[in-house]
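Generate the whole structure from the sequences, applying the supplied hints.
First to last, the sequence lines map onto chains A and B.
Position one of the first sequence corresponds to residue 1287 (my numbering), numbered consecutively onward.
Position one of the second sequence corresponds to residue 436 (my numbering), numbered consecutively onward.
Just to be clear, a hint being listed does not mean it is correct.
To be verified - DSBU-like cross-link-like pairs, simulated, lysine-lysine; straight-line CA separation at most 30 Å:
1. B/LYS537 x A/LYS1367
2. A/LYS1343 x B/LYS537
3. B/LYS444 x A/LYS1367
4. A/LYS1354 x B/LYS537
5. A/LYS1362 x B/LYS537
Keep in mind the hints are simulated off the structure, nothing from the lab.
Below are the chains, spelled out letter by letter.
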Amino acid sequence: GQNIDQPTEMTATEGAIVQINCTYQTSGFNGLFWYQQHAGEAPTFLSYNVLDGLEEKGRFSSFLSRSKGYSYLLLKELQMKDSASYLCAFNTVRRALTFGSGTRLQVQP
Amino acid sequence: NAGVTQTPKFQVLKTGQSMTLQCAQDMNHEYMSWYRQDPGMGLRLIHYSVGAGITDQGEVPNGYNVSRSTTEDFPLRLLSAAPSQTSVYFCASSYSARERSKPQHFGDGTRLSIL
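The structure is reproduced here in structure tokens:
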């Protein structure tokens, strides 16, 4: 079957670094996406990993280990505007995204 | 650039009523999909389409119909609304089913309440 797990909530301090983990199980893996979703808004694309390793994009980095079914999103120099839900989703052969339930990140001053 | 446009933004229905949620994109994207988002359950795929005239079921298709007569439009029909269909509905599109690295672009959502 297909399954994807991520923590429900996390809290971090402004200026700090936070790592949001995501584990998945699927037989037809074709890449993993991270999306950011502010309350009441649509998800917006952050990153995509299809090969093992780290992809860096400004303050955000995403890591993938296909053998372990594991990914994380690393947010550096946290800002108050980073308070949002972070959704991981894997791509299947049908080009249909399977989403996790999302991790709600609260950044505190 | 309009991107993905969903209408209406809010809707209240009575049990048993039918309605159509509209979705249009102006990016010439081949792939379009409908998700529902419920608290604590993430986004779940309802139906998707890889091109005009082609649709397929997702994870939770029961109670919903779709059609794709043009590249731009992908309406979602609720046949007989039930309280369990109270949710936020998102339409998304991406360039091509073959371009797997391309992200999906989401509309702003339709907040639907069934009484």
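Hints versus structure:
Simply put, B/LYS537 and A/LYS1367 have alpha-carbon atoms about 25 Å apart, close enough for the 30 Å limit, and the pair holds. Restraint check for A/LYS1343 and B/LYS537: the C-alpha separation of about 16 Å stays at or below 30 Å, so the hint holds. Between the alpha carbons of B/LYS444 and A/LYS1367 the distance comes to roughly 24 Å, so the proposed pair stays at or under 30 Å and holds. Between A/LYS1354 and B/LYS537 the alpha-carbon distance is near 24 Å, which keeps this suggested pair within the 30 Å criterion.
About 25 Å separates the Cα atoms of A/LYS1362 and B/LYS537, which keeps this hinted pair within 30 Å; it holds.
Hint violations for this structure: none, all hints satisfied.
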